[in-house]
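We have chain V; now place chain R onto it with these hints.
Chain by chain, the residues:
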Amino acid sequence: MPELSYREAVRDALSAAMREDDDVFVMGEDIAEMGGSMGVTHGMLEEFGPERVRNTPISEMALAGTAIGAAMQGMRPVAEIMYEDFMTLAAEQIVNQAAKARYMSGGQLTVPVVFRTQGGAGWSPGAQHAQQLEAWFVHIPGLKVVFASTPEDVRGLLWSSIYDDNPVVFFEHRTLYGIKGNVPETIEPIPLGKARVHRDGSDVTVIATGRLVHESLKAAEEAERDGISVEVVDPRTLQPLDEEALVGSVKKTNRAVVAHEAVTRMGFGAEVAAVLQYQAFDWLDAPIERVGAKFAPLPFAPVMEQFVVPHAEDVYAAVRRTVGK
Amino acid sequence: MATEVRLPRLGQGMESGTIVKWLKSEGEPVEKGEPLYELDTDKVTQEVEAEASGVLLRIAVSGGEVPVGQTIAFIGAEGEEAPASAEKPAEAPAREPEREEGRAAAAAAAERQPEPSAASVSNGRIKASPLARRIARERGIELSQIRGTGPDGRIVAEDVERAKAAPAPVAQAVPSGEVESRPLSNVRKTIARRLTQAWTVPAFQLTVDAEMTHASELVTRQRELYPDVRITVTDVLTKVCAQALMRHRDMNVQYTDDALLVFPNADVGIAVAAPQGLVVPVVRAAERLTIAQIAQVRADLVERARENKLRTDDLEGGTFTISNLGMYDVDQFIAVLNPPQASILAVGSTREQVVPRAGELHVLPQMTMTLTCDHRAVDGATGAEFLRTIKSFLENPALAL
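Protein chains in written order, with my numbering: chain V, 1 to 325; chain R, 1 to 401.
Note that these hints are calculated values from the structure, not bench results. Possibly wrong hints are sitting among the right ones.
Below, in silico cross-link-like pairs of lysine-lysine (DSS-like), each with a Cα-Cα straight-line distance of 27 Å or less [said to hold, decoys possible]: (1) Lys-127/R <-> Lys-251/V; (2) Lys-218/V <-> Lys-194/V; (3) Lys-100/V <-> Lys-218/V; (4) Lys-251/V <-> Lys-218/V; (5) Lys-309/R <-> Lys-189/R; (6) Lys-127/R <-> Lys-252/V.
Bound-form chain V, shown alone:
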């Protein structure tokens, strides 16, 4: 099994799809010669040329609209929105056009576009460059939303997203680009809507996304030393949500913690908590705990940034509260 970094895994999925299929191309700000702000598309210009690795002007609305138009015409574009925060600028096109076209055309149009973007705290990029806005898009009927946390997942899920006939908003976390992991020899598509159990446990289920998957695994190890058995589940696809897997796990453990880097209030975990309380009400032995960022703009000062976003110890504290310790 080859080992790839998360960054290489994204590039591998993009390149493999472009080699296989002339309809697939990538576009975004500074993705060609520069290889993107995170270096994900590095080297792709040389292989595929400027026609298929397209630099765009600094207008997220224009580039999103262009990608949507191309998708309506039968292409499978992958548009990179440089920072998740700039999804706000592309939102009109994504929310009002991409998400609605198939429905409003009575199925005559499909919009097989992927909007890749990245964000998150960790490098002190400040309040306008480090947000986690995935919940905004989970709220929109007509969009699929993916948030992958490992190299294997990001590659298999991106492949499935490219070949999904619906618009997919694909979130990557900045601090994960460097992590390495084994991936299958050839790309194995991971179906959208399937959660992954990273670790089996019997006392508490932690449902985590993105960076918090790794923080939760650390917390689970610590909990194990204290005799608490923690199951860690990553939904991977936020829309559609693998409710069956999440509810099933909580019915087994009777306790749940939801964890993400986005602010807790109205975060993705709120929806998960609602699903759990409704479908697993009679199995819950403790209130569902939520772990997320404090309700504040992300500070620039590194120490303050770290204070605002959650870490393994926050997950562990929540785990302990669920078991009453």
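Okay, now just chain R, sitting in the frame of chain V:
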């Protein structure tokens, strides 16, 4: 303000009690803790103490059966007016400790009764997790009888599980299943008759450990040589016991009232757990058979035993029996004699054990065997020598040649 005296719940499952007689009369002063009335429950008759001091203002129920929680009297200050009539019967005291009077009652009840104390209650609602509520509902357990150990006294699932372990309230007793009567099969009758007969025989047991490294190797080697035959430790044991019986002819015997019968061949019975019950088919003249031949005979016998197709002559005439429970991970056990045979070997599992050898510790595969002997036919030393031979053959199979 007068204190209501309510009929307490003196035990789980108590729904009502019968007031036999009052020990104080209206207008009489009472001290908290003084016997106030006699109460008859389905279990006992006992004196119930006053929960408050003052004057017994009014007796609301002078006698007869009263549901738990109903107001039966009022205690108050001298000259105080008792409420005109008792309010409608309240729920059990445990349900209303949020009321001042109720709390006193509950506390008094707790002093008398080492029953589970009241659940954490807030505004009349018991704090319990949804899971705890579901388990309690399914098992018919009253949450009010459970003390919560979660945050703020919340009842969590574990608390309900613990309550389940307490004796179930009488009212919720589950009707027990009916006793099933199965007619005795002939096999079962035979087992009962023969083993009861065995119990009348004076028997003794000898236990020894054998190191199984070489015996296990032998099984492996034999399997390689005869891949079509499934050779097991039992087959090696059968061969080894047969050889040992030939060397210790005094063991290959049967006691009768007239004479001791000494047999020319080692006809080794093997205890088989068949669906219809224990059967012991016999491998004839095992000393003349190779291990592979024994395995074939044994496989045929076991298969027919499982299919209930053994014939009488498969089962008769054994001179010795092996009962091997090693495959069930039994360390060691004592077998009951298989009459009229004079001995039976009980074989446990082969397991790794720490064995000291020449001042050093070794981890070796060890197997424990217990030989049961009919003392009428065999003496201890005879059995011990026989067992030592079996041990040495197992530890060094070449010696059996």
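Each hint tested on the structure:
1. Lys-127/R <-> Lys-251/V: 21 Å, holds
2. Lys-218/V <-> Lys-194/V: 23 Å, holds
3. Lys-100/V <-> Lys-218/V: 40 Å, violated
4. Lys-251/V <-> Lys-218/V: Roughly 23 Å separates the two Cα atoms, so the pair holds.
5. Lys-309/R <-> Lys-189/R: Answer holds: Lys-309/R to Lys-189/R is near 18 Å, not above 27 Å.
6. Lys-127/R <-> Lys-252/V: Distance of about 22 Å is within 27 Å: holds.
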